[in-house]
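Colleague: Given next are the chains, with one letter for each unit.
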Amino acid sequence: KQETRKMSLRRATQSGLSVVRRMEAAQRGLVTSALRLDEEKDQSAEQKEEFLKKFEPIGGTLAPPEFPSNFVKSSGEASQEGTPDKLKFNFFMPHDTVYRGEQVDLVLMPAVTGDFGVMPGHVPTVAELRPGLVTIHKEMDKTVEKYFVSGGFAFVHDDSTADVCAVEAVPLEDLDPEAIKAGLADYTSKLASVQAKGDDYEIAAAQVGVEVYSAMNAAVGN
Amino acid sequence: ASVEMSSPAAASSYWRVAGYSYLKYSNMCAEMVRSALKPAAKESAKIREAVYFRSAKWANGQAEQNVITDLTDGAAGKLG
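Chains A and B supply the protein sequences, listed in that same order.
Note that the working numbering has the first sequence beginning at 720, numbered continuously upward.
Note that the working numbering has the second sequence beginning at 75, numbered continuously upward.
One chain only, chain B, in its complex shape (with noise of 0.2 Å):
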């Protein structure tokens, strides 16, 4: 993706220029707010941080192996 994607008389807000998309980056927010919330309404928050997704490849009408592919950990780009 480009980095500068508006006119040249609109400034990029930092994390465009950076390289992050609004909805990284605006899911980051997101992530950051269930993280501050007290312990009672945490947990049910954090399961929406769930990203995982099953697929398989067919082969010969069959479908083979179900690969599970977890994303919650990497979608945010986290720090460290």
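So here's chain A without its partners, still in its complex pose (with noise of 0.2 Å):
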């Protein structure tokens, strides 16, 4: 079915794009689906008080129940919004939270595939963390701090918010120099000596403990 390109424009516009696809749509005289997907959304608003009309009265105590668009964003606001001049950083353990949509400048972080920095305006990333120093400038090499994690994963998503999610985060002063130099000497004579019996699985655990140790080394700078 043949559309004229006078047609698609008073459709694009009847279903409220912004100018921008307005215009493309009518350009090429296409109809896409990305019209009535938008079209969707604006009936979705009716549809979810719809819902929420009929869940109140046997809802009893429970919350209202939340949609999945609630949370997401239109793929074209973030990037007509502009770089925010903060990151907004998360840094969740699974027992305790360090921040909470806290406004950082930088957050440099040890992932598998090297060290990285993340600003605001990052690209979306998905990073798996290895034992190492996350280093977090509240103020850019005036206020930092440093937590020593032991893994997880860090997350970068388009809207310059970044999460880090670790097993085990502590502040680089409660790690003891001792007990880590002790722990190292420990596990690198331990993996020696695994080695020769040839079990993989006590030589991967002792490589574990050198890994860790070391790291940890590095970090309190022995």
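Among the clues, some could well be false.
[To be verified] What the simulated footprint calls covered on chain B by chain A, stretch by stretch (three residues with Cβ under 8 Å from a Cβ of chain A suffice, anywhere in the stretch; the number is not a length):
(1) 89 to 96
(2) 99 to 113
[Claimed, not checked] In silico negatives: residues of chain A with every beta carbon more than 10 Å from chain B:
(3) Phe786
(4) His841
(5) Gly940
[Unchecked claim] Label-pair restraints from in silico Cβ distances:
(6) Asp919/A to Leu97/B: 11 to 21 Å
(7) Thr844/A to Ile142/B: 36 to 46 Å
(8) Thr907/A to Asp144/B: 28 to 38 Å
(9) Glu765/A to Ala124/B: 31 to 41 Å
(10) Gly135/B to Ala915/A: 54 to 64 Å
(11) Glu117/B to Pro813/A: 14 to 24 Å
(12) Val141/B to Glu765/A: 50 to 60 Å
(13) Lys116/B to Pro776/A: 26 to 36 Å
(14) Glu775/A to Val91/B: 53 to 63 Å
(15) Trp132/B to Glu897/A: 46 to 56 Å
(16) Glu768/A to Asp144/B: 49 to 59 Å
(17) Phe872/A to Val91/B: 16 to 26 Å
If you are wondering where the hints come from, they were derived from the structure by calculation, not from laboratory data.
Built from N, CA and C at the ideal position, the CB exists for glycine as well.
Using the hints, put the two standalone chains together into the complex.
Modeller: Written out as structure tokens, the structure reads:
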């Protein structure tokens, strides 16, 4: 079914698209599913209202349910706003929260693939972290905090938000240099002795020990 | 679990090759970090390592003896 350019422009305008999309759609003389999706989004607000009305009398003490679309920003919004000047940083552990929604300048993270720094406007990334230091510059080079993480994951989102999820994150001051030196020597000798036996499982355990203690050793500056 | 879980081109980590899952590996790392803490912070951290659960078999609508399983020392696959 062929549509004229005029018809598609009218259609595009009616569905409330941004100017750019309207023009694009009109120029190509196309009807795309994107136009229809945006129409559906307008309807979804009414559908949500209806559902919430039905839910209210039987909800009791329950909080009204959330909808996926409440959490999803439409793809154009983030890029149109421009880069904020601070990074919104979340730092989570399973049992505790170090930071939530903290405004920072820079966060340095030890990824398995190498160290990298996150500033506002960083490309969206998922990175596996190795045992190492996470350095948080709340004010660039002025207020700096260091945490040693045992491992975990880092997520950078397209709206200048970054999350670090670590299993264990301790302030650098809480690490005991003597215990680290002893542990490193211990695991290094264990590795040497276990390699002779050839049990992969035990060798790997010793290697993990050497990896973690070496990282702590370097962090503490022994 | 299969040892080689990734595509032929990607190399597996040494712990994966040896038979550790990521969970075991990361929990082992966390345990090592906790044991390197200064005494003050260490105590509250070590509590997190306790892994135990209580279970009971039921028969005829009655709970029989409670069995407490404590995995604190066994979970991380420690050496010696």
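Colleague: Compare the structure with each hint and give your call.
Modeller: Outcome of the hint check:
1. 89 to 96: Answer holds; 5 residues pass the 8 Å Cβ test.
2. 99 to 113: Result for this restraint: holds, n = 14.
3. Phe786: Its Cβ never comes within 10 Å of chain B, the nearest being 32 Å, so this holds.
4. His841: 24 Å, holds
5. Gly940: 14 Å, holds
6. Asp919/A to Leu97/B: 11 to 21 Å: 18 Å Cβ-Cβ, so the 11 to 21 Å window holds.
7. Thr844/A to Ile142/B: 36 to 46 Å: This hint holds: roughly 44 Å between Cβ atoms.
8. Thr907/A to Asp144/B: 28 to 38 Å: This hint holds: roughly 31 Å between Cβ atoms.
9. Glu765/A to Ala124/B: 31 to 41 Å: 51 Å, violated
10. Gly135/B to Ala915/A: 54 to 64 Å: 57 Å, holds
11. Glu117/B to Pro813/A: 14 to 24 Å: 19 Å, holds
12. Val141/B to Glu765/A: 50 to 60 Å: About 55 Å separates the Cβ atoms of Val141/B and Glu765/A, which means 50 to 60 Å holds.
13. Lys116/B to Pro776/A: 26 to 36 Å: 53 Å, violated
14. Glu775/A to Val91/B: 53 to 63 Å: 55 Å, holds
15. Trp132/B to Glu897/A: 46 to 56 Å: 51 Å Cβ-Cβ, so the 46 to 56 Å window holds.
16. Glu768/A to Asp144/B: 49 to 59 Å: Hint holds: Cβ distance 52 Å, inside 49 to 59 Å.
17. Phe872/A to Val91/B: 16 to 26 Å: 21 Å, holds
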